[in-house]
Amino acid sequence: MKYRVLIGKPGLDGHDRGAKFIARALRDAGFEVIYTGIRRTPAEIAAAAVQEDVAAVGLSSMSGAHLRLFPAVVDALAQAGANDIPVLGGGIIPAQDVETMRKAGIRAIFTPGTPVETIISAFTEACKQQRGHEVK
Amino acid sequence: MKGDPTIDRLLQRLHGGDPRALARAITLVEDQQPEAAQLLAGLDRKRIEDVLVFGLTGPPGAGKSTLTGALITALRKRDYRVGIIAIDPSSPISGGALLGDRIRMMEHALDREVVVRSMATRGRLGGLCASAGAAARIMAASGCRVVILETVGIGQSEMDIVRLADLTALVLAPGFGDDIQAMKAGILEVADLLVVNKADQPGSGKLQLEMATVFADPKEREERICATVANEGTGVATLLDRIFTLEREFRSNDQLQARRKRSFQLETLDWAVEIVKADLQGKLKTTTFTSTEPRQAAMELVKGIGKGI
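Residue numbers (my numbering), protein chains in the order written: chain A, 1 to 136; chain B, 1 to 309.
This is chain B alone, in the form it adopts within the complex (with noise of 0.2 Å):
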């Protein structure tokens, strides 16, 4: 395959840290535009082996995107270059989305070695994973040390966000009650780092105790549960500091390389999904069924699909 060469100097600048560059690259891989192939394929391998992709999750108003606001002062206080893709939900409706998690990273703006993109989860069930790994990748491509993939904490997609993470940490804040039981059945076990944050209000020492039940390990207990404040910072070198102690961890037992491949397979399966649902789609106007139940129908349909592929 000959690649394009609009491609190549893409490719180029953004290996570059071209901000432009960086961001059209990512609009393309996102609008699924038959160039993002190439692109993909010539992203700096090196440079997405040596990235963390941290995940950062928990429920609205736990404090995510203050704190990830404070992860990167102290990410470029280590002089660190990093991405961050912060999601939100699209609207169901109208397909629009309104996405302000910027307004917490503001003060970073102008600050070239941070990057931030927004992402709307476009309603997607699959197509979302295979989206955001690929902004990771294309950030981490450019030079970033750390991509943070901040989402809200509920539902099947974004738990499909946080396998894509290297490492996971789930935020909670005083005042949840019942949201955290309930998260504490499915997220609280793909969580590496627990964050209690806004930790100088009332309740927190409560939560703090409540999260040290998940770990039976004393140690374990001290090293995976973090108290933040993080609108004033508080906390915020101690966690980062737990998570490249993590990082190097996982680097070393090769735990990190397992959770990259179990990402790799939930990325290709749903680029997969989304290359045949455009060809089902297709079928789906021109065959005639000799059924009327959908699920008869649903065989007939399939059968021979990617055959044009």
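So that you can see chain A by itself, here it is in the shape it has in the complex (with noise of 0.2 Å):
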């Protein structure tokens, strides 16, 4: 058994190094990773999370536009009937903002320079809570 999840990006933001980045470092760590890609609409990224049945999304943003994108998916993912999908981003993002985006639903949120473990150990708590069950 293994966790999947889902990295994308939501936005015209085409800055993808940090989510392969990402994507490699958790298929490293003995995640399935789907992998959607550049300049997703938040509906297209909650789509594929429900058909891919993944345990977290991961989104990742440089351009600003996370304020709106972030929660954006979180909503979609409400309107897929999945909002029991835990969704984590990173990115460019101001210190200021990370407050408001965990009340935006957003359940961990990772600035420039944090640790790769720090966001795998993010990743598997998410995704165990999520399938109410530890996967190994």
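It should be emphasised that the hints constitute simulated quantities derived from the structure, not laboratory data. Among the clues, some could well be false.
[What the hints assert, rightly or not] In silico DSSO-like cross-links for lysine-lysine, where the CA-CA straight-line distance does not exceed 30 Å:
(1) A:K128 - B:K277
(2) A:K2 - B:K283
(3) A:K2 - A:K20
(4) B:K285 - A:K2
Taking the hints as your guide, dock the two standalone chains into a single complex.
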């Protein structure tokens, strides 16, 4: 059994190096990572998350649109009947936005310089909680 | 055996085409949960009978995912619901996997009649056939007319996947050189259709000529080789016509039935091995072997297995 997660980039931002880095790091930590690429709408990301039955969704944003786009993905998941799937996000996100994002339902926010181990363990915890059991 | 009511509800939603129920059902099977048996037994047999499971295989970079995306477009134009199972290898070291085939199919992400599922090989020699075959039947039961099984066409497990399909196409592209020579020996023999993708690129004519040597009969050559430019959609409608023509042929001459019998055996064996393996792994820890030679120890290990099943 494996944890399946989705890594995606909502909006028009094409800077995908961070997203790909996280996708590879999660793969190397034993996750099955569905990567949906750049320039996706929140609804597309939610639909893919449902079809792939992922335990968590990870979003990356470098362009400053996170305040609008990350909560939009949370909403899109709820509309797709999947508000139990946690959303985690990272990228160029100012410290003062972190609390706003948390309140908007983003489970964790990773700002530049976050150690990759922190990110992996946050995903592991989120998946464990969503699935209701631990997976090796 | 009394059925679990949660599974009955899941089945009901799944037969109604609910995307969440469908996805959850595949996970149950893929993770080999005990509920999977009841779930699979409750699937709509008529829909499974009517589905076409189409295998698409070929070397990395030949354009399988792009062609799958183009086939989805063509199938949706004919108003068919379609399922896609995209299989990629798991890392042998971490056990993780990076599954990116979806990127080429994202234009269909919001279409509820297109069901895409990425699947990792999870390092199993067998097991994968059981998961992929069951996933195809789950998609069929949800109303899919066609299920496309997309996989990298190298290695034994991929060959087994190909055998699961009712009908298989091998996708090639110009510029692969010796790879194609190597593939000719194995997979060309099981492919029903040969697709030369990226047919607008240099070397395509030569590749089509090479492919032509596979078929002796000129009529068959004409019917079994297709040229496509998947990212432009060129040749895809013709390919789809050929697929459905072959399906009709296979249904009328009982070839489809023969292939389903073969895939039934393959999957059954796969499930059996999975079940016995768990039993053996348990026994392995508690057995004191008289022999230090694994070949002999294995004989001791298999003695009396399956008693507890």
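(request) May I ask which of the numbered hints given earlier this structure violates, with the numbers listed in increasing order? (result) none
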